[in-house]
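Asker: Sequence:
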Amino acid sequence: MPGQQRRGGGSGGNTEGGNRRDNRREGGRGNAPVEKTPHLERVVAINRVAKVVKGGRRFSFTALVIVGDGDGTVGIGYGKAKEVPAAIAKGVEEAKKHFFKVPRIGVTIPHPIQGEDAAGVVLLKPASAGTGVIAGGPVRAVLECAGIHDVLSKSLGSSNPINIVHATVAALRDLHRPEEIAARRGLPIEDVAPAAMLRAKAGTAV
Numbered sequence: 000m001p002g003q004q005r006r007g008g009g010s011g012g013n014t015e016g017g018n019r020r021d022n023r024r025e026g027g028r029g030n031a032p033v034e035k036t037p038h039l040e041r042v043v044a045i046n047r048v049a050k051v052v053k054g055g056r057r058f059s060f061t062a063l064v065i066v067g068d069g070d071g072t073v074g075i076g077y078g079k080a081k082e083v084p085a086a087i088a089k090g091v092e093e094a095k096k097h098f099f100k101v102p103r104i105g106v107t108i109p110h111p112i113q114g115e116d117a118a119g120v121v122l123l124k125p126a127s128a129g130t131g132v133i134a135g136g137p138v139r140a141v142l143e144c145a146g147i148h149d150v151l152s153k154s155l156g157s158s159n160p161i162n163i164v165h166a167t168v169a170a171l172r173d174l175h176r177p178e179e180i181a182a183r184r185g186l187p188i189e190d191v192a193p194a195a196m197l198r199a200k201a202g203t204a205v
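Per numbering that gives the first Met the number 0, the very first residue in the sequence shown carries number 0; after that it's consecutive.
By construction, these hints were calculated from the structure, which means they are not laboratory data.
All C-beta atoms, glycine included, are put in the ideal place defined by N, C-alpha and C.
You may find that some hints are simply not true.
[Claimed, not checked] For each label pair, taking beta carbons as the anchor points, the in silico distance ranges come out as:
hint, residue 1, residue 2, range
1, K50, G129, 27 to 37 Å
2, S127, V48, 40 to 50 Å
3, K53, D173, 22 to 32 Å
4, E82, S158, 42 to 52 Å
5, G135, G185, 33 to 43 Å
6, L197, V48, 45 to 55 Å
7, S158, L186, 17 to 27 Å
8, P187, A49, 52 to 62 Å
9, T130, D190, 47 to 57 Å
10, K50, E178, 45 to 55 Å
11, T130, I45, 41 to 51 Å
12, G71, A181, 13 to 23 Å
13, S59, A181, 17 to 27 Å
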C-alpha cells in the first residue's frame, strides 16, 4: 500500500513538470511572451568582423536589415553585436528610426529613377500590373518591404549588398508624385503625367 501511494505521488509530480514544459513552449524562454510585429523584416547581409587587440582577435557580427509596413513606408538599419540575434535586433531598431514614405502609383513607382550611393548604382522603372518585382535579392527586399510589387530594376554598379541597398534607398527617396511636379511647374496634372498613369491613379483611388 505505501508503495502505491508513492507511485501516485510520482505521477502527480510528472504532471506538474509537463505543465511547466508546456508553459515554457507557449511563452518562450523565461515564460516571456513572443513579440509579434506588424512590420516586414528582411535580413539582407550578415558579416563577421574582427577587431585585433593585444590579446588576439575579438569577433563580432554585423547585420543589414530592411524594415517596412508593406504599404509605402520603409527603412534600413545596420546593427553590430557579439551575437547574430542581437545584431539583427539592433538593425531593426535603427531601421525603425529611419522610416520614410515612398511615393507610389498603385503598387509601382511613378517614374523611372536612378539611385547612386558610394559605388552602388540602381536603376528602377515602373511596370504594368502583374509584372512582379524583377530585381535581385537586396533590391527585392527593399521594394517588397516598401509595398512595391510591380517594378523593373537593374544594378549598374557595385555588387556589394550594402552599396546596392543604399543606392535603392537613394532612388526611392528621389521619387516625386505627379501632383508635386505639376504644382512646381504651374501646370495641370494632365500636362505632366501620362494618361496611363492617371488611369492607374484613378483606379487606385477608387
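Asker: Take the hints in turn and mark each one as holding or not.
Answerer: Comparing the hints with the structure gives:
1. K50 - G129: 27 to 37 Å: 49 Å, violated
2. S127 - V48: 40 to 50 Å: 43 Å, holds
3. K53 - D173: 22 to 32 Å: 47 Å, violated
4. E82 - S158: 42 to 52 Å: 27 Å, violated
5. G135 - G185: 33 to 43 Å: Check passed, 40 Å falls within 33 to 43 Å.
6. L197 - V48: 45 to 55 Å: 50 Å, holds
7. S158 - L186: 17 to 27 Å: Violated, at about 41 Å.
8. P187 - A49: 52 to 62 Å: Check passed, 60 Å falls within 52 to 62 Å.
9. T130 - D190: 47 to 57 Å: Cβ of T130 to Cβ of D190: about 27 Å, so the range 47 to 57 Å is violated.
10. K50 - E178: 45 to 55 Å: Between K50 and E178, where Cβ atoms are some 50 Å apart, the hint holds.
11. T130 - I45: 41 to 51 Å: Between T130 and I45, where Cβ atoms are some 30 Å apart, the hint is violated.
12. G71 - A181: 13 to 23 Å: 20 Å, holds
13. S59 - A181: 17 to 27 Å: 50 Å, violated
Checked against the numbered hints listed earlier, the structure breaks hints 1, 3, 4, 7, 9, 11 and 13; every other hint is satisfied.
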